[in-house]
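Visitor: Which chain is which? The protein sequence lines are A and B, in order.
Taking our numbering, the leading residue of the first sequence gets 6, the next gets one more, and so forth.
Taking our numbering, the leading residue of the second sequence gets 127, the next gets one more, and so forth.
Among these hints, one or two may not hold up.
[As the list claims (entries may be wrong)] Within a straight-line C-alpha distance of at most 25 Å, the following computed DMTMM-like cross-link-like pairs (lysine to aspartate or glutamate) qualify:
1) A:LYS161 - B:GLU268
2) A:LYS161 - B:GLU274
3) A:LYS148 - A:ASP18
4) A:LYS148 - B:ASP267
5) A:LYS148 - B:GLU206
6) A:LYS148 - B:GLU268
7) A:LYS161 - B:ASP200
8) A:LYS181 - B:ASP226
9) A:LYS161 - B:ASP363
10) A:LYS161 - B:ASP226
11) A:LYS161 - B:ASP259
12) A:LYS31 - A:ASP18
13) A:LYS148 - B:ASP216
14) A:LYS148 - B:ASP259
15) A:LYS31 - A:GLU46
Please keep in mind that the hints were generated in silico from the structure rather than gathered at the bench.
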Amino acid sequence: MSDIATYNFAYLDEQTKRMIRRAILKGIAIPGYQVPFASREMPMPYGWGTGGVQVTAAIIGPEDVLKVIDQGADDTTNAVSIRAFFQKVADVAVTTETAKATIIQTRHRIPEYPLTEGQTLVYQVPIPEPLRFLEPRETETRKMHALEEYGLMHVKLYEDIARHGRIATTYAYPVKVEGRYVMDPSPTPKFDNPKMHMSPALQLFGAGREKRIYAVPPFTRVVSLDFEDHPFEIQTFDQPCALCGAAQVYLDEVILDDKGGHMFVCSDTDHCETRQACGHRGHLSPDILEPAQ
Amino acid sequence: MTDEPLLRVTALSKYYGSRIGCEDISFDLWPGEVLAIVGESGSGKTTLLNCLSTRLLPTSGTASYRMRDGQWRDLYRMSEAERRFLMRTDWGFVHQNPADGLRMTVSAGANVGERLMAVGDRHYGNIRATAVDWLGRVEIDEARIDDEPRAFSGGMRQRLQIARNLVTGPRLVFMDEPTGGLDVSVQARLLDLLRGLVTDLGLAAIVVTHDLAVARLLSQRMMVMKDGHVVEAGLTDRVLDDPRAPYTQLLVSSILQV
């Protein structure tokens, strides 16, 4: 980094950070409640994680170790850019290892490696309002949250079952936080919903364009909504990761050729690499395939 | 039937600035009774209906409602949460335009089931069975349960809106021109259906209409409004057969004979 004093530490000015921290504290005090905040213009377009970046900028300190993931991967454009951004404007240490990070900014995944006390997970949220596509009026949805009128959320799940025979919502699956607020867990796959329940880590959600911050404090009850005769279920995969052989993890489908060839690999790249370093192998691992050739 | 009314309205007035919406309206509504409010456009009948259903707050006056536990409650002193709960359980509101009362982007079954889910029903099978039952009662084919109301005709939409309102077994239903915008044969069928449901369920209803035939068919009692005031009130047959106020006489004589 050059010596010229260009930006304040972590890009945002101290007053802005203070404002965001107040919103975060309020969010933590009322788990699942969407706190409005004066979202700033960030040097990246809306939809690229401006909310998450502002939350991270407000809580990061020089001693923190930052990890950024995008769909579970540390090496995609969005993750690399945000990591580089904080290296430049805050000069903080970065890592790809879940266990070593103190702050993990994420888009779409909760790491497979269990989070621990003291870690903070920052979600980038596109649409914070779980009722949005059923009730377009913001005044009305706020009132529904205030009065705990959540029948409408079940209308959506009813529609799923009526059309598909089962609850077909696979991501942004609505949850009830600490028995009170219904919350959109951002577009994470519902596979990750159980990890939010009683998590020892602090979970913060930032929506930059929609100007909302919400939070799930450590050890908070997070329950996925369902029907008595159609209980909540997470996705299951009928084969393990092709590279590290892991089962019970969330897998991405990767297309291999134009003849229908495909494989399923861990969406969490750090988890996959750690397992491979420990000697775990899947059926498409390079060192299993190469001797055969 | 009890000897106490269900709704008691005293000196209700609503002003829009210096203009009168409705002024000094008092009446009692008894359980199982259908009251028609008739009058020309701009006579204040919809203002009155909106005040009674708490969609609008009156300028002065009171309206008390006898809750299911027998307690009398002042509608305008209830908390918003209580009012909204009342509106989706013990009350119904049938809009003139079904699109205002329905969720047009979710299926007919979900439209009927919404109130059940709002009061805490969490069993998909039961909700669906109730929806099927109610669609049958309002003469909508069970096969249409997963269709959106957008695919329904005007008459079907209106019947769906009625089913959606009645599913929680309300005691009082407000209707704003329930047959407006429907052609006469569909109107006749809807009125027939409404009359049957109101009698079977022992519903009390307040029906706003400009159509005297609707008042004649549905209601036992009626109020005639003009310029925000009630000019005549009484048993429907009496008012229509022997109108006393000059305005009512004019209204009755304006009906076109075919």
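Visitor: Holds or violated: LYS148 of chain A with ASP216 of chain B, Cα cutoff 25 Å?
Guide: Holds. LYS148 of chain A to ASP216 of chain B sits at ~20 Å (cutoff 25 Å).
Visitor: Would the pair LYS161 of chain A and GLU274 of chain B pass a check requiring their Cα atoms to be no farther apart than 25 Å?
Guide: 13 Å, holds
Visitor: LYS161 of chain A and ASP200 of chain B were given as a pair; does the straight-line alpha-carbon distance stay at or below 25 Å?
Guide: 35 Å, violated
Visitor: Given the hinted pair LYS31 of chain A and GLU46 of chain A, is their Cα-Cα distance within 25 Å?
Guide: Cα-Cα ~22 Å, so holds.
Visitor: Holds or violated: are the alpha carbons of LYS148 of chain A and ASP18 of chain A at most 25 Å from each other?
Guide: 34 Å, violated
Visitor: Between LYS148 of chain A and ASP267 of chain B, is the straight-line Cα distance small enough, at 25 Å or below?
Guide: 35 Å, violated
Visitor: Take the C-alpha atoms of LYS161 of chain A and GLU268 of chain B, compute the straight-line distance between them, and say whether it is at most 25 Å.
Guide: Holds, at roughly 20 Å.
Visitor: Within a Cα-Cα threshold of 25 Å, do LYS148 of chain A and GLU268 of chain B meet the stated pairing?
Guide: Between LYS148 of chain A and GLU268 of chain B the Cα gap is close to 34 Å, so the pair fails against 25 Å, i.e. violated.
Visitor: Is the Cα-Cα distance between LYS161 of chain A and ASP226 of chain B 25 Å or less?
Guide: Satisfied, since the Cα-Cα distance of roughly 19 Å is no more than 25 Å.
Visitor: Verify the proposed pairing of LYS31 of chain A with ASP18 of chain A, using a straight-line Cα cut of 25 Å.
Guide: The hint holds at about 20 Å.
Visitor: Is the straight-line distance between the alpha-carbon of LYS148 of chain A and that of ASP259 of chain B 25 Å or less?
Guide: 32 Å, violated
Visitor: Can the restraint linking LYS148 of chain A and GLU206 of chain B be considered satisfied, given a maximum Cα separation of 25 Å?
Guide: Judged against 25 Å, a Cα distance of about 10 Å means the pair holds.
Comparing the model with each numbered hint stated earlier shows that hints 3, 4, 6, 7, 8, 9 and 14 do not hold.
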